[in-house]
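Read top to bottom, the protein sequences are chains L and U.
Residue numbers for the first sequence follow the numbering used here, so the first one is 1 and each next one is one higher.
Residue numbers for the second sequence follow the numbering used here, so the first one is 1 and each next one is one higher.
There's no promise every hint is true.
Dumping the calculated DSS-like pairs for lysine-lysine here, alpha-carbon to alpha-carbon at most 30 Å [to be verified]:
#, chain 1, residue 1, chain 2, residue 2
1, L, Lys251, U, Lys169
2, L, Lys167, U, Lys96
3, L, Lys167, U, Lys361
4, U, Lys13, U, Lys132
5, U, Lys13, L, Lys145
Hints were generated in silico from the structure; no laboratory data involved.
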Amino acid sequence: MGYDLIIIGMGLSGLMAAKTALDLGKQVLIIGKGMGGLILFSNTIDVLGKVPETLPLKDGLSHWIKEHPEHPYSKIGVEGIEEALSSFVSLFPPPYTFHSFEGRNRKLPTAVGTLRPTYLFPTTLSGGAFLKEGNTLIVGFKGFKDFYAAYMARQLKCRYLTVSFQKEGPPDLTATYLTRQMEKEEVRERVGLEIKNSLRGETLIGVPALLGLHDPMRIKAHLEAITGGEIFEIPTLPPSILGMRIFNRFKVYLLERGANFLLGHNVSRVQIKGSICEGIEVLHPPISRFYSAHHFVLATGRFIGGGLEADRERISESLFHLPVFSEDSPERWFRKNFFDSHPIHRSGISVDHSFRPLDHDGKTVFENVRVVGTILSGHHYIDEGSREGIEISTGYWGVKRLFE
Amino acid sequence: MRVRAKKEDWLKKNADLCIRCATCMAVCPVSRVTSLFPGPKNTGPGAQRFRHPEEPSVDHWVDLCIGCHLCNGVCPAGVPISELNLLAKTKYLNEKGRPFRDWLLTHSYLYGWIGALFSPITNYLLQKPVVKKLLEIILKMDQRSPLPNYQSPLFREWFKGHSSKGGKKIAYFYGCFTNTNDIDVGKATVEVLEANGFEVTLPTQDCCGLPMLGNGDFDGARKKGEKNLSSLLQVIRSGVEILYTSTSCGFMIKHEYGHLLELPGAEELANHTFELFEFLRKLKESGNLNTRFKRLSIKAAYFTPCHLRALGIGLPAFEILKLIPDLELTRLEADCCGMGGTFGFKKEKYEIAREIGNDLKKAIDRVNPEMILTECEGCRLQIRHLTGLKVLHPVQVLRDALLLRP
């Protein structure tokens, strides 16, 4: 069967592209090699962390766009970014929704006790913005290796409590195990009481983001009723329960609207005729299946997502063999420090106004292929704090401009 | 057991693909409910780096892997985590020895027909608490686990007395459970295919071997695979395609015969074997599906079996059933029922199976349906056990929509 649109990649940009196409009534197949980056990175929605908290993000963005014409945001504009973000937020009707603080970036505490700026965050995280020395009790769980309350509390000059979850059994507890436990009322009663008895005047209580998958607001409210304090969640290491909530919401939304959802399969080949992609082949040994569509969206991310591959000589895009733009040649790649701004973090695919890939002469490579997400060139999302903003806005506009 | 030399290298290569991202830790149904199982990242590629073929196995927890394949599906690096676990489990069980119970659970094809032949007696006995208690004491089968009912006549016998109306030939791999425990699934399949103008044939077939493979008996599974291949290859070489209704049997035949068991001819067979609804969806796309459906005002919920996910064909039954007028069908937002083929029968695993199932039960309670539809027989047993609801194979509802008198 021919789809209107096949989306390759199940990260935030691919999911956003799928949502946008389904909202326009299109037949969509979304295919992912794995579950995508949401479970790894996306606890909150960073749009442009570089903009100071004193400035409305909107103003910071328009300034940024003026100074960075090559940046993906420059293809979209401030209003376009806002429209895409509201489409994302519309997936989460209150009470568990995504907010900003008065349209500005806000610093939220991380699990290692630093403060990092972000733009949109789920309701259960908002209390963290008011953390001050001494006003917060940080709560951890014994055996949960992805969150050390003592370490975080020391950095932030607060007190901590480590709750012992079980008397016997193996020492290690996983995020999904603890999340499921927190969904049980009797467990919350016990944990809540232990927290209450440990409070020494603190009004805020920070817990790792494990307050259930289905109804975190109810769990938060229950713990608040027991403890008398305000509970907030702190993002943990992967697997991110916050990211899972986003992924699960997309999945329900997309499947309800008739998307075909193929998780766990690799696109092994694309069939090209001239400047048109006719279809993709998915190999699930020993079977290979062919799917055709009028249009395609490439949303495979950069190196961790598998969209780009690098060796000593070059960086390549493995599926469509699209030209990859890099700022510098490999012999000038050496940097002294791991986190130095590195040119490899700016390489990616260049696109035109409709997100069609361009070659080095600025000519369109494929007529019916759109490229969205972090695989695009012209940005350094780690440095800018712009990962989710780029994913959401390019995923949205890549599809919107295609069908309008 | 013959895990071939190639596998040693294969294991290391695949374990090294892991980037430790922990996506698999987000979906594992076992580590979600128990801290006894450290999760796929640790039991699969993590522990693999410490395993040596000459050293004894020390990782007893690998036996708690339920074999759902969900971790494989979400891994961005393409690590075959389930297979790493299965091979480690095989080695562990080879050293530790398997209880007679495991033999019994994996050889139901030997005695299933006897159970069916004397079904009134078998069913009476299997429901008796004292018998269940004895099974628990002697065999370590949990007395609370959902034992299947046996039915007679066998599906194959029913089919002998069934007269076909002719048409294009299509072969049906019904699997053991349909033959002895759920013969209406077989009947419904035949009736649906006939309503679409096909003549159904039943090729010679044996247990697909999945229960053995899941319990780490590669040799037993290979023997079953070889037997099925010799019969089924003849069928496809005569120009007849093969359909299956059990997603577990189907996954075994299509993907494990070649990939894990390295059986010759497996690829040819895989390319001519289709899930029933995948086949019906192809008919629909070419405009040849009989869609003269009657109204069925039923509120049903659909559950996706793990092996259907692993097949990578989407949700064809859900797509086809959506065409039935008045049928209110909701997809259940839950992963894995906890049964894991034979996992949930075992005394030491029953609690884990039930806990996993309880998450599914909660998802069912949120929908509050009249009945549940799912392709896998293990899931059907487990869901009936957990909810007491009517649980059917999707083909049974499709048959009703096509043939039931109004």
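Going back to the hint list, which numbers does this structure go against?
When the structure is compared with the hints, numbers 1, 4 turn out to be violated.
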